[in-house]
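Could you put together the complete structure from these sequences and hints?
Chains as they are written, first to last, in my numbering: chain A, 132 to 473; chain B, 132 to 473; chain C, 132 to 473; chain D, 132 to 473.
There may be inaccurate statements among the hints.
Repeated chains share a single entry, so a pair holds when one copy, or any two copies, can fit it.
[To be verified] Mimicking EDC-like on lysine to aspartate or glutamate, the simulated pairs with C-alpha atoms at most 20 Å apart in a straight line are:
no., residue 1, residue 2
1, K214, E194
2, K214, D150
3, K225, E419
4, K203, D150
5, K203, D169
6, K225, E424
7, K282, E396
8, K203, E224
9, K375, E419
10, K375, E224
11, K375, E424
No wet-lab data here; the hints were simulated from the structure.
Here is what each chain is made of, one letter per residue.
Protein chains: 4
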Amino acid sequence: MNSFGRIFRVNIFGESHGDFVGINIDGCPPGISITVNDFSEDIERRKPGAKGTTPRKEDDIPEFVSGIFNNKTTGSPLTILFKNNNTRSGDYEKQRAVPRPGHADFVAHKKFNGFEDYRGGGHFSGRLTVAIVAAGVVSKKIIASLFPENKINIHATILEIGGEKDIEKGLQKAIDEKDSVGGIVECRVTNLPIGLGEPFFDSVESVISHAAFSIPAVKGIEFGAGFAAAKMFGSHHNDALINKDGTTATNNAGGILGGITNGNELVFRIVVKPTSSTPKEQQTLNTETGNVESFSVKGRHDLCIALRVPVVLEAAAAIALADLMMASHPDNNRDQRRGLNV
Amino acid sequence: MNSFGRIFRVNIFGESHGDFVGINIDGCPPGISITVNDFSEDIERRKPGAKGTTPRKEDDIPEFVSGIFNNKTTGSPLTILFKNNNTRSGDYEKQRAVPRPGHADFVAHKKFNGFEDYRGGGHFSGRLTVAIVAAGVVSKKIIASLFPENKINIHATILEIGGEKDIEKGLQKAIDEKDSVGGIVECRVTNLPIGLGEPFFDSVESVISHAAFSIPAVKGIEFGAGFAAAKMFGSHHNDALINKDGTTATNNAGGILGGITNGNELVFRIVVKPTSSTPKEQQTLNTETGNVESFSVKGRHDLCIALRVPVVLEAAAAIALADLMMASHPDNNRDQRRGLNV
Amino acid sequence: MNSFGRIFRVNIFGESHGDFVGINIDGCPPGISITVNDFSEDIERRKPGAKGTTPRKEDDIPEFVSGIFNNKTTGSPLTILFKNNNTRSGDYEKQRAVPRPGHADFVAHKKFNGFEDYRGGGHFSGRLTVAIVAAGVVSKKIIASLFPENKINIHATILEIGGEKDIEKGLQKAIDEKDSVGGIVECRVTNLPIGLGEPFFDSVESVISHAAFSIPAVKGIEFGAGFAAAKMFGSHHNDALINKDGTTATNNAGGILGGITNGNELVFRIVVKPTSSTPKEQQTLNTETGNVESFSVKGRHDLCIALRVPVVLEAAAAIALADLMMASHPDNNRDQRRGLNV
Amino acid sequence: MNSFGRIFRVNIFGESHGDFVGINIDGCPPGISITVNDFSEDIERRKPGAKGTTPRKEDDIPEFVSGIFNNKTTGSPLTILFKNNNTRSGDYEKQRAVPRPGHADFVAHKKFNGFEDYRGGGHFSGRLTVAIVAAGVVSKKIIASLFPENKINIHATILEIGGEKDIEKGLQKAIDEKDSVGGIVECRVTNLPIGLGEPFFDSVESVISHAAFSIPAVKGIEFGAGFAAAKMFGSHHNDALINKDGTTATNNAGGILGGITNGNELVFRIVVKPTSSTPKEQQTLNTETGNVESFSVKGRHDLCIALRVPVVLEAAAAIALADLMMASHPDNNRDQRRGLNV
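Have a look at this one:
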């Protein structure tokens, strides 16, 4: 399904060149304050325009269709739309025979029997991440209301681009090579309660990775020490408990033991593949003629999509954590009630 | 929940020192041949006994409780039990105040308010992976019946142990240091149909990682080129299509584009942290006294749990793929009917 | 949740006095032809305007937001909006202290802690049934495409109004009494395949009743002989099989045995309570003053809401059957592929 | 699926003539006291032996496989088995060609392609209601722990048998006619909190009817005034609010408005069809020969299955209410924590 969550459920919809993309969220608690301004910062962070990102202009003002009344959630399903502007559909028809390398064109055509909206990637477009970001804004607010005293903070940053910790340098590589580059993004969540997650099948790692791999171009995820754990001894990897609140001296577990949050910082990293659309000339198949053709992308595209991913990753984490809090935490409504329902 | 899947649903249950661990599977097609012998090979592969694994004796003969009649699935829910033998519960009570480093003892106690079965890790025990392996055996058979002509093959192998590709050498490190080590396991699936998965939230990466992180000690996963993609240019990472069946010249995508299988080999790797129980002396907290104590594990334990993981990872992959086939593939019942329902 | 279905999932959203009500449908097969005109007939049947129904003018042109391209479903989530016109919100604020008898005002206020959109019933409004009808139109088309040779027909009719089989007579009672009346609606579905449903928990009766009780004002449902079975002998109630296709001489089972469709006509009836808004003066509580007050409804309202229910009941049945076909039928994709995927 | 619930999920399994039938319950809160004795009363009420019920001897001692430790739930999945005794499988093979009228034999054969366990109804057997009763016992205890101050009581009774309020008289009809009879069972739940249920798709009526129609032989359900509402005026059907707690002067709504509990008694009735196995000679088809044959049931069978239904209906209601409390009530964990988690 194109949805996520058990009792906090996010449904995503829309296509790159349709009228709108949007999100429908079921299971929002009532009384959460939501205004258009709440979305500005995160939507701004996702926007193109920085060095290395596409100049496509997207205003991205959220339009509230349902579930909000007097600037507060009502408890009924929340629907938010984002208008698609600045789309040019003209040239897609003739490109259909030449599936873009690294894109979903070929699989979309096969999966949907040729009925897919093929314009600009259709439903597979990165454009839909604006809807994920919006769901993230709502999820962050819900998380804050569920555990108001915790002051839970979700923050993602870029660790490296094009193999360089100096990010400008990594981008310059792509510019010099007339190519695109990938990157690594890290997300940290502080002050989570102990006890989120289930031992099997709904571990915190399971649920967060499920959400994170919804972000286009993500190809790997690791928690805490992650892949480096393969080279560690057990006595070094184990995090020693230092007090009764669960604080540990190190955090190789990334805040999760046995699939359950242990009260330490939640830490995970994802890898974002290089943008598939690259100005470099590539060989690909024309599925009509059966010939291999030269192919290069002319239009506006990100040199490095990873630059726009941090806020989307925060959103995916927030969506996953909100569902974990509602579905699997023993105290899930404690603070919500304290705050809202006197 | 302690379950996985949308219309092919696997429910896991049991505790390390209870009478049984087991699995309940809903959504099995009828007519799949299942006998006790079908489980032998995979259960044998999971067993301890090899160098570096614990000598705990586990016979692990599956007991069929429901859903099988005349050695075939009936289409009603399948329940399989495995008897727990060779458990010694005596010493656990007094160890409760000293949560084992790297284990779920502390979080289990917090999450379940002290009511958890704390003997041998209880429901968090690696013992439950025998139930996952059993679900994997069933899932592999279902996959074979859904696409009989494909001859889909799921195979996982160890890539490195303790940082060494020579695995004996990696284990020797642990023996020399009286410590434990981690490892990396790779899984490859050949001949999958094109079209499994959904673009958002139920991407193949999402669903497989969700299942894979149910395996205790897994802390990272990557698909295709994985984390190495962070250092690649787009023109190198993109896999060039070379024929109309979807075959690509390289496979950096690991068989998945836009969250959807593209007909190439599915390739992913996981990292398994070093066994948390290590003979090395460690410092940890006594939660009753509040003092930090020395702690070391006396009993039987694996030096490297990764050695037993490949068959469990195959099982997790098979469970995930079976659900993907039933829930998201346009031709999900084609060959099932062809084979069974003439 | 405000959603229905396992792998064919319908999400409903909107409020009576918001900008739109709508529906998001995940799990539509691709290639189903959908145009605005396809909705006209069913939406017309739901409309007010006939004797006994409210004159509120509702144009109700579906606006397609996602999932449709070139007049066909794409396989990605389908979102349809209906604009709310002709709403007057002015007087609701002051009525809040006096919950309307028979309506959800009181429970909505309690459940949503006072944050509910209280204008015109908000999310509880019968207005949302236009979204159910739209989902029904889509579901009927999907059903037709899944089993094209069957020519499955879903048709609901009014059996009685105000206790009268002569419906005009029943309505006249309400007019004479300046009150409202209820009714009974029957739905029949012909040419269903054998094998829909599951023996426990997802019986056809379970799934259809789950959907049918989503329609506001429905307070009972019965299948086949229904409540009359309480007075029958077993030898009379049993339907004798008369041929190998499953045809039975009688149909007291209403087409369902053991929770599974048996190939005969599916027959069920629902009772619709009298419209809660009635011109008759009633006593009710002012929750602010604590006094019992006289109360009567001035505005436009249906004398008998049952008159508008048949098309909504068809829609609920179609939604339920589409999910049953996709999730539980052994041959679920046979004809879909035959029809669409050559 | 053969499961029920969103975050409190009950999975049923087993066949009439297998070794065991059983139940797996995921989502139990930890710390609920559960002993074998807790099941005695409800299991005794379900048992055959009374006038009009079959003399099949069933000891029905629950065997706890997982999720219970020191006589309390642990918070991990709970699995309970019931051994099948006293089964005679010998004669079923030759009866396969003659599907029993009113039973699921024919549809099971079609749905499961001939692989169904056909002995004694297999997975469709009323025998599985012992597992529903067990899940009901657990659910009742959970409900009590979630709202300990409410003293919620769930009680079902027989209203009529064979069309007679004097139940002995109704049974005598069946004995005199050498036939079977049906009945009506009513369930009442007192002291429920306000606010369970959702306006669309997960109304309390939807969720309870979904569960109730899992009980074999149930063919109708009505809430409050139910089908009688079809003959009432709105001003009579509306229940006047008489105080701020939500108490109403009458209870025609059966405790549910807008799909949400309103704090009054929850009242609903189901109809149970006459036992399909009747000593009366009936005509039915031999699907091998194609001939219509005379058929009568020789063995032990209930004259009126409705006699055994009340405790099963209570169980279905308890399962549904427990899920509603966990998934949809704003205060779902309030009292649980108060009671258990000091």
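Status of each hint after checking the structure:
no. : hint           : in the structure
1   : K214 with E194 : both (8 Å within a copy, 14 Å between copies)
2   : K214 with D150 : both (6 Å within a copy, 16 Å between copies)
3   : K225 with E419 : within (11 Å within a copy, 59 Å between copies)
4   : K203 with D150 : between (26 Å within a copy, 16 Å between copies)
5   : K203 with D169 : within (12 Å within a copy, 36 Å between copies)
6   : K225 with E424 : within (14 Å within a copy, 67 Å between copies)
7   : K282 with E396 : within (13 Å within a copy, 41 Å between copies)
8   : K203 with E224 : between (43 Å within a copy, 16 Å between copies)
9   : K375 with E419 : between (66 Å within a copy, 9 Å between copies)
10  : K375 with E224 : between (63 Å within a copy, 19 Å between copies)
11  : K375 with E424 : between (64 Å within a copy, 14 Å between copies)
When the structure is compared with the earlier hints, no violation turns up for any of them.
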